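Undergrad: Protein chains in written order, with the working numbering: chain A, 1 to 272; chain B, 1 to 292.
Derived from the structure by calculation, the hints contain no laboratory data. All of these numbers come straight from a predicted model, not from anything done at the bench. Hints should not be assumed to be uniformly reliable.
[To be verified] With a cut-off of at most 27 angstroms between alpha-carbon atoms, the simulated BS3-like pairs for lysine-lysine come out as follows:
id : chain 1 : residue 1 : chain 2 : residue 2
1  : B       : Lys198    : B       : Lys162
2  : B       : Lys129    : A       : Lys264
3  : B       : Lys242    : B       : Lys271
4  : A       : Lys269    : B       : Lys129
5  : B       : Lys281    : B       : Lys242
6  : A       : Lys187    : A       : Lys264
7  : B       : Lys281    : B       : Lys271
8  : B       : Lys281    : B       : Lys244
9  : B       : Lys162    : A       : Lys187
10 : B       : Lys271    : B       : Lys244
11 : A       : Lys269    : B       : Lys162
12 : B       : Lys271    : B       : Lys198
13 : A       : Lys187    : B       : Lys244
14 : B       : Lys162    : A       : Lys264
15 : B       : Lys198    : B       : Lys281
16 : A       : Lys187    : B       : Lys242
17 : B       : Lys129    : B       : Lys162
18 : A       : Lys269    : A       : Lys187
[Stated by the list, open to error] Ranges between beta-carbon positions, derived for each pair:
id : chain 1 : residue 1 : chain 2 : residue 2 : range
19 : B       : Pro98     : A       : Lys264    : 33 to 43 angstroms
20 : B       : Phe284    : A       : Pro23     : 40 to 50 angstroms
21 : B       : Ala148    : A       : Pro115    : 52 to 62 angstroms
22 : A       : Lys269    : B       : Ala267    : 16 to 26 angstroms
23 : B       : Gly150    : A       : Lys269    : 20 to 30 angstroms
Virtual Cβ for every residue (Gly too), placed ideally from N, Cα, C.
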Amino acid sequence: MENATVDPLVPARAAKRRSWKLPRLDWRGTAAVAGFFLAWQLAVILALPGFDEIPGPWEVLNTFVGEFLFSADYWASWAVSFQRVFLGFLIAQVIGIPLGLFFGINATLRSLVFPVFEMMRPIPPLAWVPLSILFWPTNESSIIFITFIGAFFIITINVFEGVRSIRPEHVWLARSLGAGTFRIFRKIMLPAVIPSIAVGMTLGIAVTWNVVIAAEMIASDSGLGRLTWEGYVSSTPTVVVVGMISIGIAGYLSTVIVDWIERKMMPWKAGR
Amino acid sequence: MSDTQTSAPAGPAGLAPRPETGRLSISHVGKVYDPDGSAVVAVEDFSLEVAAGDFVAIVGPSGCGKSTLLNVLAGFDTLTSGEVLLDGTPLARPGLAPRPGPDRVVVFQHGALFPWMTVLDNVTYGLVKQQKMPRAEARRRAMELLAASGDLDQIAGSFPAKLSSGMQRRVEIIRALINDPKVLLLDEPFRAMDTVNKNTMHRHLLELYRRNRKTIIFITHDLEEALFLADRVIVMTTRPGKMKMDIAVDLPRPRTRAMMASDAYLALREKAVVAVSEEAKRAFERGEREMA
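Sequences are here, hints too, so could you generate the full structure?
TA: This is the structure:
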């Protein structure tokens, strides 16, 4: 969105170099993680109360390497969940960002639509599952819809708040300097709202994973949520743990990707 | 409209000649805010003639309508009575839609650089938008001005968040000046700064004024600052803002800190201090009444 043209007048940009250094090993952090797994393993070996059916980390690792690492079905579960998250999240952005902008700009539209919006907003995404299954022709579309619901309200509200917090001085000044309404929208309002869009994305992606996993457990026959649930139903707790860890890693990866996109959207927030 | 009653002594060494445009006639201006039926008179019957190229400071207690006046001049707000002319052309009068323009650029108290643009893009934004000159030439002009104001060209590629508040404000003044406005409107631009920073900013501002002389309306509540910078200091009454005193500052330019110790200056200051503190006291007492 921002022009990324290389500018000969700006020495700072040419000098920008990336250095790949190994991060210094954090000894305390390493010890904490090792301690966690050790304690878990010990709890299982000693069969502490409640742990009699819980697999230890070593067993989980063995199962993972033996049954999942090279299984096409396992990676297909990743792909399916990621695709649902991606589609739900994307549709939420595509609809939520313009809607939030309209709420901020157009008082008429806001007074017409906002009450309904506020009425629907407190309904938890999972409460939409039954109606969604009835409404949408396929299970897949209903899961994507529920995922969409999870991110949509958060995005829209954040963009709306972003528009409301635009400093009038910025708009006045742009007008003084000769910008028309459209230019003010494109060059002042949009960039001013980007930080709010980013907040909405960060919150949205987290909710999206929550929602997709639960929705898969309830209403799907595929995905990482389903994998975890099937582990429970078939009394193979190692599979449950593999599923949980997979979901954690998937959520973390999504957050990393979203953070990266946000930094690209707001070069002025990064160090320079 | 008559031209002027007070004016700066004819150009001392180095001060650019008086520009041909930038004459402001503010006559019997009033502004009443009436958001919920209880009318608040912000400015009342305020008149002021400013000659082109004069540096006028307006001093008054908080809430005396200084900023209202500035917003009217800038074209961000409307008038409820009176009239403002710029070089004879009506800028504001009741019923006239506010019309901001590059001939009157404001530097705000809290700063209003666009955080998402580099310093250079901020400075050239207006020139490029108005298509006054090609981007390359706008950039060259901007780099010249930035370089002339304490090597600011070094940080042309940085985003504003990386700059100190003093640098930010200097960039803003340059962004205003590069548009060659007839009137430069400064709304307490150095308010949040400490004395050392303020002195540096004064030096830079006076240097920019010396080279690119414009009509300047400088709003402040710091009397010393006003007397040091301006050709005229207008003291406003507490709300409703009226003119209380119009002080011609006949100190030569370039101004130095040493002049602040001269008898001429001290006499001026004494006169102004009395006027300002009377109004501050009235504002304070009214505040207490309003609280009660």
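Undergrad: Please go over all the hints and tell whether each is borne out by the structure.
TA: We went through each hint and held it up to the structure:
Between Lys198(B) and Lys162(B) the CA atoms are separated by roughly 19 angstroms; this keeps the pair inside 27 angstroms, and the hint holds. Only pairs whose Cα atoms come within 27 angstroms are accepted, and Lys129(B) paired with Lys264(A) is accepted, the gap being roughly 25 angstroms. Of the pairs offered as hints, the one joining Lys242(B) and Lys271(B) holds, with about 18 angstroms between alpha carbons and a cut-off of 27 angstroms not exceeded. Proposed proximity of Lys269(A) and Lys129(B) is supported: the alpha carbons are some 25 angstroms apart, at most 27 angstroms.
Between Lys281(B) and Lys242(B) the CA atoms are separated by roughly 16 angstroms; this keeps the pair inside 27 angstroms, and the hint holds. For the hint linking Lys187(A) to Lys264(A), the alpha-carbon distance of about 17 angstroms falls within 27 angstroms, and the restraint holds. Pair hint Lys281(B) plus Lys271(B) holds up; C-alpha atoms about 16 angstroms apart against a cutoff of 27 angstroms. Between Lys281(B) and Lys244(B), the direct Cα distance comes to roughly 14 angstroms. Compliance with the 27 angstroms bound is thereby established for this hinted pair.
Straight-line distance between C-alpha atoms of Lys162(B) and Lys187(A) comes to about 21 angstroms, which keeps the hinted pair within the 27 angstroms bound. Restraint check: the Cα-Cα separation between Lys271(B) and Lys244(B) comes to about 12 angstroms, which is no more than 27 angstroms; the hinted pair holds. At roughly 9 angstroms between alpha-carbon atoms, Lys269(A) and Lys162(B) fall within 27 angstroms of each other, so this suggested pair holds. For a cut-off of 27 angstroms, the pair hint linking Lys271(B) to Lys198(B) stands: about 24 angstroms separates their Cα positions.
Between Lys187(A) and Lys244(B), the direct Cα distance comes to roughly 42 angstroms. Violation of the 27 angstroms bound is thereby established for this hinted pair. This hinted pair checks out: Lys162(B) and Lys264(A) have alpha carbons roughly 18 angstroms apart, not beyond 27 angstroms. Straight-line distance between C-alpha atoms of Lys198(B) and Lys281(B) comes to about 26 angstroms, which keeps the hinted pair within the 27 angstroms bound. Between Lys187(A) and Lys242(B) the alpha-carbon distance is near 39 angstroms, which puts this suggested pair outside the 27 angstroms criterion.
At most 27 angstroms may separate the alpha-carbon atoms for a hinted pair to count; Lys129(B) and Lys162(B) meet this at roughly 25 angstroms. Distance restraint check for Lys269(A) and Lys187(A): the Cα-Cα separation of roughly 17 angstroms lies within the 27 angstroms cut-off, and the hinted pair is therefore satisfied. Range check, Pro98(B) to Lys264(A): about 38 angstroms between beta-carbon atoms, so the 33 to 43 angstroms window is met. Evaluation of the 40 to 50 angstroms hint for Phe284(B) and Pro23(A) yields a failure: the beta carbon distance comes to about 58 angstroms.
Checked against the hint of 52 to 62 angstroms, the C-beta distance between Ala148(B) and Pro115(A) comes to roughly 56 angstroms, which is consistent with it. For Lys269(A) and Ala267(B), the Cβ-Cβ distance of about 52 angstroms falls outside the hinted range of 16 to 26 angstroms, so the restraint is violated. Between Gly150(B) and Lys269(A) the CB atoms are about 26 angstroms apart, so this pair conforms to the stated range of 20 to 30 angstroms.
The structure fails hints 13, 16, 20 and 22 (numbered hints given earlier, in ascending order).
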